[in-house]
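The lines below spell out each chain.
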Amino acid sequence: MLNLKKDLVVIGGGPAGLAAAKKAYDEGIEDVMILERDFELGGILPQCIHNGFGLHYFKEELTGPEYAQRFINDVKERNIEIKLDTMVLDVTKDRKVYAMNKKEGFLEIEAGAVVLAMGCRERTAGAIGIPGTRPAGVITAGTAQRYTNIEGFVPGDEVVILGSGDIGLIMARRMKLEGADVKAVCELLPYTGGLTRNVVQCLEDYDIPLMLNHTVTAIKGEGRLEAVEISEVDENLKPIPETAKTIKADTLLLSVGLIPENELSKKADVVLDDRTGGPIVNEGRETNIEGIFACGNVLHVHDLVDWVTEESQIAGAHAAKYIKDSFARTNKCVEVKAGENVSYVIPQKIELEAGDRKRIPLYMRVSTPLTAVDINLYADGEKLYSFSEPFAKPGEMISVPLAQKTLDGLDNPNEIKVEIIEKEGK
Amino acid sequence: MIETKSLTCVACPKGCEVTVEYEGDEIIDIKGNACPQGQDYAKEEIVAPTRILPTTIRIKNGALSLCPVKTTKQIPLENMFKAMQIIGDKEIEAPVKMGDVLIENILDTGADIVATRDMPEEI
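Protein sequence lines correspond, in order, to chains A and B.
Per our numbering, the very first residue in the first sequence carries number 1; after that it's consecutive.
Per our numbering, the very first residue in the second sequence carries number 1; after that it's consecutive.
It should be emphasised that the hints constitute simulated quantities derived from the structure, not laboratory data.
The beta-carbon is built from N, C-alpha and C at its ideal position, and this holds for glycine as well.
You may find that some hints are simply not true.
Unchecked claim - BS3-like mimics (lysine-lysine), calculated; alpha carbons at most 30 Å apart, straight line:
| id | chain 1 | residue 1 | chain 2 | residue 2 |
| --- | --- | --- | --- | --- |
| 1 | B | 97 | A | 76 |
| 2 | A | 59 | B | 43 |
| 3 | B | 60 | A | 102 |
| 4 | B | 97 | A | 383 |
| 5 | B | 73 | B | 43 |
| 6 | B | 97 | A | 83 |
| 7 | A | 59 | B | 73 |
| 8 | B | 82 | A | 76 |
| 9 | B | 82 | B | 43 |
| 10 | B | 90 | A | 183 |
| 11 | A | 405 | A | 332 |
| 12 | A | 248 | B | 60 |
| 13 | B | 97 | A | 103 |
| 14 | A | 103 | A | 266 |
| 15 | A | 83 | A | 332 |
| 16 | B | 14 | A | 83 |
| 17 | A | 183 | B | 14 |
| 18 | A | 103 | B | 60 |
| 19 | B | 73 | B | 97 |
| 20 | A | 337 | A | 248 |
| 21 | A | 337 | A | 405 |
| 22 | B | 31 | A | 59 |
| 23 | B | 31 | A | 423 |
| 24 | B | 14 | A | 337 |
| 25 | B | 97 | A | 183 |
| 26 | A | 358 | A | 417 |
| 27 | A | 183 | B | 60 |
| 28 | A | 59 | B | 60 |
| 29 | A | 423 | B | 60 |
| 30 | B | 90 | A | 102 |
Unchecked claim - Here chain B is said to cover these stretches of chain A; the calculated rule only asks that three of the stretch's residues, wherever they fall, bring their Cβ under 8 Å from a Cβ of chain B:
| id | segment |
| --- | --- |
| 31 | 47 to 55 |
| 32 | 126 to 132 |
What the hints assert, rightly or not - Non-contacting residues of chain A with respect to chain B, defined by C-beta distances greater than 12 Å in every case (computed):
| id | residue |
| --- | --- |
| 33 | 68 |
| 34 | 179 |
| 35 | 244 |
| 36 | 326 |
| 37 | 358 |
| 38 | 363 |
| 39 | 368 |
Make the full structure from the sequences, and use the hints.
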């Protein structure tokens with residue numbers, strides 16, 4: 001076994017890991033190692049060949065591979081150590097990382113700080129329990145994306161997509177452009193889970209029908225998928241039997257949600273939040289385990305990589321502080337709570353000395369879509385201030401600044417709560 | 001005949017709901033956009049919608065068998081399948097660098113097809 005020591009070990013070389021490593025390096029921590037299980041860096045971005053990335057962070061529109069390439073170049077310029085084809089097997093709460101690869105065998109790395117950046121994975125057919133047979137041709141949208149954009153073959157000719165998450169919408173267009181007949185995108189809910197721009201550019205541009213309040217009620221076919229049965233659902237999301245109809249298809253793509261990949265986090269006794277599926281963190285993105293940080297889709301599923309970058313810079317900067325022993329906790333922890341119509345807020349607690357920060361960005365999602373909303377912040381039940389937005393959708397994360405000045409003006413608050421409700425007097 | 005169309009602006013991820021009043025190719029009124037990009041977008045959407053085309057191209061001796069590419073600017077939406085055909089008929093050779101021009105001025109649109117990542121040779 002090879003024993004190593006590193007100031008910072010970053011687990012995962014996708015956009016989160018790359019941004020965290022780069023930031024920590026720029027903050028003075030030069031002894032950084034990225035562990036990546038794939039043969040190259042970039043995470044999921046190399047297969048996300050579509051445009052729409054970088055509008056917030058780079059102020060220009062990039063494709064996924066371009067966004068990744070910029071960070072890969074930055075990391076390579078910085079003399080950050082990268083281990084590819086390396087699988088992390090275990091992380092302990094005293095920050096020992098166990099990994100292995102073909103060249104070096106088994107590795108034990110003692111880390112000054114650890115950044116968890118393992119990303120997420122897709123919910124599969126097994127996770128949603130569709131009735132019927134189990135033929136080939138039922139795959140996740142991300143798998144189809146990998147086949148089409150990386151491996152070089154289109155997985156089918158007649159396609160139905162279940163779920164209107166962004167990957168599903170993107171793959172509807174992609175398979176259409178590659179010559180497949182994309183028959184419908186079915187969405188159980190009365191609204192889409194993807195970004196509006198994707199509904200426009202991926203479905204409306206190519207006349208692909210979006211069937212809201214519809215789901216797949218049966219899978220048909222032996223060996224290969226032959227058809228799917230779809231049905232409308234009632235207000236309780238239960239299928240209405242008399243609306244069932246059969247669509248001939250050899251491929252069913254599932255875009256039915258993403259799950260943060262926290263098996264390693266659990267091994268280190270990191271406590272997870274039921275709502276996000278990721279660790280509970282403070283404003284520095286530190287988990288309940290000292291010196292173990294988390295960012296990107298392992299923390300909560302993001303819709304834009306730009307937010308992943310911003311969040312990972314926060315984690316990288318705080319990991320650097322932790323290593324430099326300039327990481328001070330206040331003696332009071334303020335809980336951050338999700339109020340009415342907010343499904344979650346990140347961070348879940350504020351417990352670090354403010355230093356020279358001006359604000360803490362609070363990341364959140366609404367539970368149900370609304371037009372004309374007030375975003376209200378409360379401290380122990382007392383209203384602090386509001387923001388107005390023309391609309392709020394569950395598919396689009398909202399970042400609300402909590403001003404440090406406001407926080408300083410409070411007398412030892414126990415909790416900050418955010419609610420997103422219909423505008424008063426609307 | 002004057003027509004009204006509701007559009008979702010895709011100039012940025014904000015996705016403003018823009019309402020356009022128009023008669024044929026003539027724009028009468030545009031409402032709901034938060035910034036000037038929305039004006040331009042709405043106008044173009046009615047007269048002649050254009051999009052960036054991101055796709056892949058076959059590559060010989062590359063670390064992967066495909067290299068992702070895009071058009072350097074938006075091209076007419078109606079040209080997408082013709083452009084796909086041209087890109088699909090071509091095979092390039094590794095290595096390439098992000099930004100390398102692989103096809104010039106596709107379909108006389110003024111847009112080039114460029115690589116969107118570095119693709120090293122197969123190891």
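Can the restraint linking residue 31 of chain B and residue 59 of chain A be considered satisfied, given a maximum Cα separation of 30 Å? With Cα atoms ~25 Å apart, residue 31 of chain B and residue 59 of chain A stay inside 30 Å; holds.
Could you grab the alpha-carbon distance between residue 97 of chain B and residue 183 of chain A and see if it respects the 30 Å cut-off? violated, 37 Å
Is residue 59 of chain A close enough to residue 60 of chain B, meaning Cα to Cα at most 30 Å? With Cα atoms ~34 Å apart, residue 59 of chain A and residue 60 of chain B exceed 30 Å; violated.
Examine the segment 126 to 132 of chain A for residues whose CB is less than 8 Å from any CB of chain B, and state whether their number is three or more. Result for this restraint: violated, n = 0.
Holds or violated: residue 337 of chain A with residue 405 of chain A, Cα cutoff 30 Å? Satisfied, since the Cα-Cα distance of roughly 20 Å is no more than 30 Å.
Residue 405 of chain A and residue 332 of chain A were given as a pair; does the straight-line alpha-carbon distance stay at or below 30 Å? holds, 17 Å
Please verify whether residue 73 of chain B and residue 43 of chain B have alpha carbons no more than 30 Å apart. holds, 18 Å
Please confirm whether residue 368 of chain A is truly not at the interface, meaning its C-beta sits more than 12 Å away from all C-beta atoms of chain B. holds, 17 Å
Are the Cα positions of residue 103 of chain A and residue 266 of chain A separated by 30 Å at most? holds, 28 Å
Going straight from one Cα to the other, do residue 59 of chain A and residue 73 of chain B come out at no more than 30 Å? Within the cut-off at roughly 16 Å; holds.
Measure nothing beyond the straight line between the CA atoms of residue 97 of chain B and residue 383 of chain A; if it is 30 Å or shorter, mark the hint as holding. violated, 53 Å
Are residue 82 of chain B and residue 43 of chain B close enough, with their CA atoms no more than 30 Å apart? holds, 24 Å
Comparing the model with each earlier hint shows violations of hints 4, 8, 12, 15, 16, 20, 25, 27, 28, 29, 30, 32, 33 and 34; every other hint is respected.
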